[in-house]
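So the sequences go chain by chain: A and B. Residue numbers for the first sequence follow this note's numbering, beginning at 112 and rising by one. Residue numbers for the second sequence follow this note's numbering, beginning at 112 and rising by one.
For the record, the hints were derived by calculation from the structure and aren't laboratory data. It cannot be assumed that every hint is accurate.
Any copy will do: because identical chains look the same in the list, a pair fits if it lies in one copy or spans two.
With a Cα cut of at most 30 Å, we get these calculated DSS-like pairs of lysine-lysine [what the hints assert, rightly or not]:
hint: 1; residue 1: LYS463; residue 2: LYS585
hint: 2; residue 1: LYS324; residue 2: LYS174
hint: 3; residue 1: LYS362; residue 2: LYS598
hint: 4; residue 1: LYS346; residue 2: LYS324
hint: 5; residue 1: LYS585; residue 2: LYS598
hint: 6; residue 1: LYS544; residue 2: LYS117
hint: 7; residue 1: LYS277; residue 2: LYS174
hint: 8; residue 1: LYS421; residue 2: LYS519
hint: 9; residue 1: LYS202; residue 2: LYS174
hint: 10; residue 1: LYS362; residue 2: LYS519
hint: 11; residue 1: LYS174; residue 2: LYS608
hint: 12; residue 1: LYS421; residue 2: LYS117
hint: 13; residue 1: LYS397; residue 2: LYS598
hint: 14; residue 1: LYS453; residue 2: LYS396
hint: 15; residue 1: LYS324; residue 2: LYS594
hint: 16; residue 1: LYS535; residue 2: LYS396
Protein chains: 2
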Amino acid sequence: MKVALKLYNSLTRQKEDFTPVVEGRVGLYVCGPTVYSDVHLGNCRTFISFDLIYRYLLYLGYKVRYVRNVTDVGHLEGDVDTHDAEDKISKKARLEQLEPMEIAQKYTNGFHEMMHLFNVLPPSIEPRATGHIPEQIEMVEQIIANGFGYEANGSVYFDVPAFIEKYKNYGQLSGRVVDDLLQETRDLKNQSEKRHPADFAIWMKASDEHIMKWNSPWSVGFPGWHLECSAMSTKYLGERFDIHGGGNDLKFPHHENEIAQNIGACGNTPANYWLHTNMLLLNGKKMSKSDGNNITPVELITGNSPHVSKGYSPMTVRFFTLQSHYSSQLDLTDEALAAAEKGFRRLMEGNKALQSFVGSKDGNKPLDAEIDALINGSFSEMADDFNAPKALAKLFELVTIINKLNDKHLSFDDVSNDCIERLKNCFSDFIFKIFGLSDESTNDGGGVVDGLMQLILDIRSDARTNKDWTTSDKIRNALSSLKIVVKDNKEGSSWVKE
Amino acid sequence: MKVALKLYNSLTRQKEDFTPVVEGRVGLYVCGPTVYSDVHLGNCRTFISFDLIYRYLLYLGYKVRYVRNVTDVGHLEGDVDTHDAEDKISKKARLEQLEPMEIAQKYTNGFHEMMHLFNVLPPSIEPRATGHIPEQIEMVEQIIANGFGYEANGSVYFDVPAFIEKYKNYGQLSGRVVDDLLQETRDLKNQSEKRHPADFAIWMKASDEHIMKWNSPWSVGFPGWHLECSAMSTKYLGERFDIHGGGNDLKFPHHENEIAQNIGACGNTPANYWLHTNMLLLNGKKMSKSDGNNITPVELITGNSPHVSKGYSPMTVRFFTLQSHYSSQLDLTDEALAAAEKGFRRLMEGNKALQSFVGSKDGNKPLDAEIDALINGSFSEMADDFNAPKALAKLFELVTIINKLNDKHLSFDDVSNDCIERLKNCFSDFIFKIFGLSDESTNDGGGVVDGLMQLILDIRSDARTNKDWTTSDKIRNALSSLKIVVKDNKEGSSWVKE
Chain A
112 MKVALKLYNS
122 LTRQKEDFTP
132 VVEGRVGLYV
142 CGPTVYSDVH
152 LGNCRTFISF
162 DLIYRYLLYL
172 GYKVRYVRNV
182 TDVGHLEGDV
192 DTHDAEDKIS
202 KKARLEQLEP
212 MEIAQKYTNG
222 FHEMMHLFNV
232 LPPSIEPRAT
242 GHIPEQIEMV
252 EQIIANGFGY
262 EANGSVYFDV
272 PAFIEKYKNY
282 GQLSGRVVDD
292 LLQETRDLKN
302 QSEKRHPADF
312 AIWMKASDEH
322 IMKWNSPWSV
332 GFPGWHLECS
342 AMSTKYLGER
352 FDIHGGGNDL
362 KFPHHENEIA
372 QNIGACGNTP
382 ANYWLHTNML
392 LLNGKKMSKS
402 DGNNITPVEL
412 ITGNSPHVSK
422 GYSPMTVRFF
432 TLQSHYSSQL
442 DLTDEALAAA
452 EKGFRRLMEG
462 NKALQSFVGS
472 KDGNKPLDAE
482 IDALINGSFS
492 EMADDFNAPK
502 ALAKLFELVT
512 IINKLNDKHL
522 SFDDVSNDCI
532 ERLKNCFSDF
542 IFKIFGLSDE
552 STNDGGGVVD
562 GLMQLILDIR
572 SDARTNKDWT
582 TSDKIRNALS
592 SLKIVVKDNK
602 EGSSWVKE
Chain B
112 MKVALKLYNS
122 LTRQKEDFTP
132 VVEGRVGLYV
142 CGPTVYSDVH
152 LGNCRTFISF
162 DLIYRYLLYL
172 GYKVRYVRNV
182 TDVGHLEGDV
192 DTHDAEDKIS
202 KKARLEQLEP
212 MEIAQKYTNG
222 FHEMMHLFNV
232 LPPSIEPRAT
242 GHIPEQIEMV
252 EQIIANGFGY
262 EANGSVYFDV
272 PAFIEKYKNY
282 GQLSGRVVDD
292 LLQETRDLKN
302 QSEKRHPADF
312 AIWMKASDEH
322 IMKWNSPWSV
332 GFPGWHLECS
342 AMSTKYLGER
352 FDIHGGGNDL
362 KFPHHENEIA
372 QNIGACGNTP
382 ANYWLHTNML
392 LLNGKKMSKS
402 DGNNITPVEL
412 ITGNSPHVSK
422 GYSPMTVRFF
432 TLQSHYSSQL
442 DLTDEALAAA
452 EKGFRRLMEG
462 NKALQSFVGS
472 KDGNKPLDAE
482 IDALINGSFS
492 EMADDFNAPK
502 ALAKLFELVT
512 IINKLNDKHL
522 SFDDVSNDCI
532 ERLKNCFSDF
542 IFKIFGLSDE
552 STNDGGGVVD
562 GLMQLILDIR
572 SDARTNKDWT
582 TSDKIRNALS
592 SLKIVVKDNK
602 EGSSWVKE
């Protein structure tokens, strides 16, 4: 808690000191998935990034209430804000001949499985949009009562010009220029209910064929897409909370309109700090299904894609995302993944070696200061807007020292045991608790693989001593087909699963 | 689909032919957990039982919409139907100093993890009570409009005498005698709003301290506990669907009142077939926390309980529940679990051996008829009210034949390959798809354990041939400490993880 956390606030476009609304507590809201299809890899990057942020806040000792919603209604395709627009989930339901909630459930389950694979912690509350219809209707009522909403033919629109008249800051987050918005002359065909092109629906009257709909004071209909986040963040985090996050692509219109709705209903900007993750590219270009420049999380893990030479484990992918700052573009390439795989292995092996170290008993030693500085440096980097890649760089400098100690190029006489113990704790805290990595080579639950490998390495060592080449060849071939790599060094043999 | 399914209908108290409302489709509703604490082992039995039923219906080729709700509001403790009564989730939230939805989310996540451990398939839709407030309010409105509900001081009660006046069948499910109910003279202290002791709340006015509450036409309050299931089953399965399930203890008042609400609102008994699971006992007695006769799922798996001599794996527990019919009491004892562990291993080993069998090429063979009769028998047992223990008994008769074939006490010349192929398919379908068991010895994902064990057994065989007792002792000791048991027979060696 002693670390002064700074974060880049998209709303003010500057790095700011983090001061929570209530000392010791953080309210964090992140826009979750729309559950009408399998989660995109780009979204996985976003949720892994916020998982890192959540984990780091927890590590700092904050009591965090992390709310990440599930959008299971209201996200329209095509020409939004018209009655022709189709709800993404209803459309998929028609295609798959299922009840819309079966679709939502199926893809929510799939999303959870994927998050579990990537070791993403579940949020404290995961509210569903369809589960908060009364709260959304109440918010529409408040917005109308405050003069920022109007009904037209059973639908309700947010009155952007009226809002701008009172609050100048519409467009602050996304950088849209208010005058441009107001002078927009977009064709209003099919949208004649709107008084101004910049207005947006907060309640939509449903057509007869529309499946997901609810009673409201204005019509049988459904909430506008932006509304759910305003209503659910207010319900679970209050009218003013700490951090609101989401992908860059949500800045406009989603987050801009969310802010307008919250101010329109309660007079408050909902969150003090807005954090946005950047895009995940594939081979230097935006991912796009239509031109084939696309890879799904499952394809990435199985290797079933022309874009990768083989499958990469979930932890390799997670490690890969840590190598770039959440607000920078990240380019996924086969080479970068292969490098991440090596880097991840090197980090885990470093930690494995480290955990058996014993330093020198007596007080201060020559290497202590350097090690302490690197440990402190890695924490400082995380405190500087969650800069995982720079923190990781410090950890790799520590790995170099660890390896030198392990190889006797540095001496344990030159490092105190206090320093080693601190390093052990901080290093494993960093990789497991903060970075959220896990050791895939041993995740069979009971450590059976570890136990069997210990036995095999023991037999292998005997075989070599006895020049029993039949046995040692047998072992080499079997392990190679299981993609287990054995490394020999002076201290003995270690192994890792590729 | 050719099997004529019969099931015991708790509503009519007889075994009936199953005829779905829509041919080829089944609507199944099961009362899910109240998420204010870790799931009880008895509830796990219920959900494993309905998972078996769901899996079998899917296996028969039905398109099943399986709805299992999450009760996250409305389940009151203590003196129900009074304003003093406390919502179970709000109470826990106060104890744990969390927002009620954080409690609900935490225990929902824990419940999902436990269901995953027991290999219980997720339902098609898992609706939350708090997510269906408008639907519940509408149902209250319908009940009032139909003359079966009345408002008193902001709360709304179901008028049981008025209902009985029109529909005689209140009490049909639970066997309560209507005259007894009507003549009840239970003290109405704190319940003066109720016109009759048998009436029950369908909407409760909330006290100021109550956290979970919503606007309604009658008060700021919350729905009565029984209401959610009526509203959600109607929403997702229609006013009349096929099967409604739950634990025996829910028959009264929950299911009896659910039926009354559905009839009161829509004029229909919601489900045609009612299925109830029976109790799980511990050492012959009802489980109870207060007298210590209790074991949690986690304690059972880890062995951290005075009631078990060691931990039993989730699949051993699942297998154990299969050994009794869902509608019979099941007594959990250490001896029964140890026996289940052996039985489960025997079944899986039988299947492992079977899958490598090759029968005789030519047509009908002497053993074919016996094997076919046992296969058909196992399916007939399942079709007879999902009688898993009797189906399992047939499978064990098949295991005896499999083992005799494996040990050459029976000859492969006496069984046709067609018969063997059918047996392979049906046997593995039964244990994996219908019974929902999984092979825990190899669930490390990539089959690494299998691969390493193959290598070790190979080295062990060489060592024995070469009379290299050092190596074979080393292997024996290491495997024993990993609880891996190797069995040798004429064909070679096999292994199993205890």
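Hints and how they fare:
1. In this homomeric assembly, LYS463 and LYS585 come within 30 Å of each other (Cα to Cα) both inside a single copy, at 27 Å, and across copies, at 25 Å.
2. Taking identical chains as interchangeable, the C-alpha atoms of LYS324 and LYS174 lie at most 30 Å apart only when they sit on different chains, with a minimum of 25 Å there against 37 Å within one chain.
3. In this homomeric assembly, LYS362 and LYS598 never come within 30 Å of each other (Cα to Cα): the closest approach is 49 Å inside a single copy and 63 Å across copies.
4. Both within a single protomer and between protomers do LYS346 and LYS324 lie at most 30 Å apart by alpha-carbon distance, with minima of 22 Å and 12 Å respectively.
5. Proximity of LYS585 and LYS598 under a CA criterion of 30 Å is satisfied in both settings, with 17 Å inside one chain copy and 22 Å between copies.
6. Within a single copy, LYS544 and LYS117 get their C-alpha atoms as close as 20 Å, which meets the 30 Å cut-off; across copies the closest is 52 Å, which misses it.
7. Neither within a single protomer nor between protomers do LYS277 and LYS174 lie at most 30 Å apart by alpha-carbon distance, with minima of 36 Å and 55 Å respectively.
8. In this assembly of identical chains, the alpha carbons of LYS421 and LYS519 never lie at most 30 Å apart, being 36 Å within a copy and 45 Å across copies at closest.
9. Taking CA atoms no more than 30 Å apart as the test, LYS202 paired with LYS174 passes between copies only; the shortest distance there is 20 Å, against 40 Å inside one copy.
10. For the homomeric pair LYS362 and LYS519, neither the shortest alpha-carbon distance inside one copy (53 Å) nor that between copies (72 Å) is at most 30 Å.
11. Proximity of LYS174 and LYS608 under a CA criterion of 30 Å is satisfied in neither setting, with 36 Å inside one chain copy and 41 Å between copies.
12. In this homomeric assembly, LYS421 and LYS117 never come within 30 Å of each other (Cα to Cα): the closest approach is 39 Å inside a single copy and 50 Å across copies.
13. In this assembly of identical chains, the alpha carbons of LYS397 and LYS598 never lie at most 30 Å apart, being 39 Å within a copy and 56 Å across copies at closest.
14. Taking identical chains as interchangeable, the C-alpha atoms of LYS453 and LYS396 lie at most 30 Å apart only when both belong to the same chain, with a minimum of 24 Å there against 57 Å between chains.
15. Taking the closest pair of Cα atoms, LYS324 and LYS594 never come within 30 Å of each other, the shortest separation being 53 Å inside a single copy and 56 Å across copies.
16. Taking the shortest Cα distances, LYS535 and LYS396 never come within 30 Å of each other, neither inside one copy (40 Å) nor across copies (49 Å).
In summary, the structure is inconsistent with hints 3, 7, 8, 10, 11, 12, 13, 15, 16 from the numbered list given earlier, while agreeing with the others.
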